[in-house]
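For the record, the sequence lines run as chains A and B.
Mapped onto the UniProt record's numbering, the consecutive letters of the first sequence carry residue numbers 1 to 318.
Mapped onto the UniProt record's numbering, the consecutive letters of the second sequence carry residue numbers 1 to 294.
Hints are computed from structural coordinates only; laboratory data are not their basis.
Take these hints with a grain of salt, some might be off.
Said to hold, decoys possible - DSBU-like, lysine-lysine: derived pairs with alpha carbons at most 30 Å apart: (1) A:Lys47 <-> B:Lys287; (2) B:Lys58 <-> A:Lys25; (3) B:Lys14 <-> A:Lys47; (4) A:Lys48 <-> B:Lys14; (5) B:Lys14 <-> B:Lys287; (6) B:Lys153 <-> A:Lys25; (7) B:Lys72 <-> A:Lys48; (8) A:Lys48 <-> B:Lys148; (9) A:Lys245 <-> A:Lys182; (10) B:Lys153 <-> B:Lys14; (11) B:Lys153 <-> A:Lys48; (12) B:Lys108 <-> A:Lys48; (13) B:Lys72 <-> A:Lys25; (14) A:Lys134 <-> B:Lys108; (15) A:Lys25 <-> B:Lys148; (16) A:Lys48 <-> A:Lys182; (17) B:Lys153 <-> A:Lys47; (18) B:Lys58 <-> B:Lys153; (19) A:Lys47 <-> B:Lys181.
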Amino acid sequence: MKDFPFTESKDTRSGFGAGLAELGKTNPNVVALCADLTGSLKMDAFKKEFPDRFFQVGIAEANMMGVAAGLTIGGKIPFTGTFANFSTGRVYDQIRQSIAYSGKNVKICASHAGLTLGEDGATHQILEDLGMMKMLPGMTVINPCDYNQTKAATLAIADYEGPVYLRFGRPVVPNFTPADQKFEIGKAWLMNEGTDVSIFATGHLVWKAVLAGKLLAEKGINAEIINIHTIKPLDAEAILASARKTRCVVTAEEHQMNGGLGDSIAQLLACEEPLPLEMVAVHDSFGESGTPDQLMEKYGLMEADIVRGVEAVMKRKK
Amino acid sequence: MTDTTAKTVEKPEKSIEELQHIATQVRRDIVRMVHAVNSGHPGGSLGCTDLLVALYFKVMKHTPEPFDMDGKDQDLFFLSNGHISAALYSVLARSGYFPISELATFRKLDSRLQGHPTTHEGLPGIRIASGSLGQGLSVACGAAQAKKLNGDKQRVFVLMGDGELEEGQNWEAAMYAAHHKIDNLIGIVDRNGQQIDGPTEVVGGLGDLRAKFEAFGWHVVEGDGNHYDALLMALENAVAAAGKARPVMFIMDTKMGFGVDFMMDGHKWHGVAPNDAQLATALDELKTGTEGDY
């Protein structure tokens, strides 16, 4: 099992903030909108340096999505910022009609996704956002795993023409991917080559997959670990190549099983290469208050859960 | 009439008589289009015809061809009440955005003229999809702010139905536009007092729209939307009020179905197409326009 040393832990939302601030300097068409969560989204640096290109919208997310769509008419590249819950479910029809169907170049940047939002509880812990966004025709859906990857993704989506949903989170997590990485939308990242099982993970679960890989190595299981930062378009080629090699698959994500990464991979495998599959995800349940670690443990999203998934799926392997 | 694709911006000083002539032709298009597919929304379309003709043939500076999505240095128009698409399509075609003959494809399979306007099929003149109500004012705010960032002095117009003001997003946008002093934005409310389930004051209770928009920080203009002398004066007043640190709202009194007697007064013709006999009656009332039917 390859080692992934890291010297610091950081929140992915700060990676977004750093990327946005850099875009402010490098791309004059980038503008930012925020719905009264500038600090939480780490948009302060952009706001301070580029006040004319920052639009405080207030607690009015529906309006924010429409204003963002309008700003594209005139060549602007709007980045909207609010929590993932208010970036998707609250404004689904605004995104659907004014952004996705209209083909507008809006970047919907969503923080505090999933259970790791923590103590605020289920009203804010959205676990359905990937599903809602990936169902929209033409929408690109990205869920990076750490600070560096979130920053790289933020930079990359500015150069991509079309609507994007970029999902990140609140907690401080290991920053283990390279600072100088080039982020390729839709390109899976093979982190560890293996032969016994393919683990496809996204977002915060990528680090859990790395930890699981170490535990599995101690048990003599050689896991292939692939970072699926782009849920749509899905890198079907890389996923099928790995699955055909290892003959069994585990998916891991901080999202409902319905509509998430596992759901996308299950569709792919069912149509192209039916193979045993276990999904580490939330099982048709809302979250609740608690610390991020407590919640990840209670809802079965830890490295131990990935290990259990691997052991179960390997028993089904033919 | 054969296809005509306009090549240049049309900015002649149209007389009221000329505008009325075009409006009559547009009304003929509307009733024929909805009749042909036995679906669509003639009532609001007929009621807003005079406004759309005034905007596209007299008030706005715009370049039909080549169509530029960004519309730099042009006035932009957004239709929030997308169901009156027949009126917009006719006005766009007749001002040169696409061939007039294409009006015959309205609401048919593989057409660029979808039931509600969309950018998805690449129809020139359309810059946003609309139909799900209440979203146009926000989009217009953004487009107006992009103009300000670009140093573009032209204006953004957006038409809304009165019934759609029941959607809360409009009031988010109304607060936003005033707060951000979006003074290159001119909103227009089609105050016909009708919506699908009946009069707006029975269904939704819109109340005093002037007082509401003024309380939100807008400059409000009121006027008749179906008679050109009053309509042009109101639009002139609205344009004159722009650029003064406040957004402008023109609350435009219209009659749903205006121009076709049996379609006026009431909400019956909001979303119903005329049958053959009714079409004949309507066309009899609408004298042939300048360019002829598609």
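For a C-alpha distance cap of 30 Å, please report whether Lys14 of chain B and Lys47 of chain A respect it. violated, 47 Å
Between Lys72 of chain B and Lys48 of chain A, does the CA-CA distance stay at or below 30 Å? Given that 30 Å is the threshold and the Cα spacing comes to 28 Å, the pair holds.
Check the hint pairing Lys48 of chain A with Lys14 of chain B against an upper bound of 30 Å on the C-alpha distance. Roughly 49 Å separates the two Cα atoms, so the pair is violated.
Between the alpha carbons of Lys245 of chain A and Lys182 of chain A, is the straight-line distance 30 Å or under? holds, 27 Å
CA of Lys134 of chain A to CA of Lys108 of chain B, is that 30 Å or under? holds, 29 Å
Would you check the hint for Lys153 of chain B and Lys48 of chain A, treating anything up to 30 Å between C-alpha atoms as holding? Holds: Lys153 of chain B and Lys48 of chain A sit about 27 Å apart, inside 30 Å.
Is the hinted pair Lys14 of chain B and Lys287 of chain B satisfied, with a Cα-Cα distance of at most 30 Å? holds, 19 Å
Quickly compare the C-alpha distance for Lys48 of chain A and Lys182 of chain A to 30 Å and report which way the hint goes. It holds: about 27 Å lies between the C-alpha atoms, which stays within 30 Å.
Verify the proposed pairing of Lys72 of chain B with Lys25 of chain A, using a straight-line Cα cut of 30 Å. Holds, because 24 Å separates the two Cα atoms, which is no more than 30 Å.
Within 30 Å, alpha carbon to alpha carbon, are Lys153 of chain B and Lys25 of chain A? Judged against 30 Å, a Cα distance of about 26 Å means the pair holds.
Is the straight-line distance between the alpha-carbon of Lys108 of chain B and that of Lys48 of chain A 30 Å or less? violated, 51 Å
For the pair supplied as a hint, Lys153 of chain B and Lys14 of chain B, confirm whether the alpha-carbon distance does not exceed 30 Å. holds, 23 Å
The structure fails hints 1, 2, 3, 4 and 12 (numbered hints given earlier, in ascending order).
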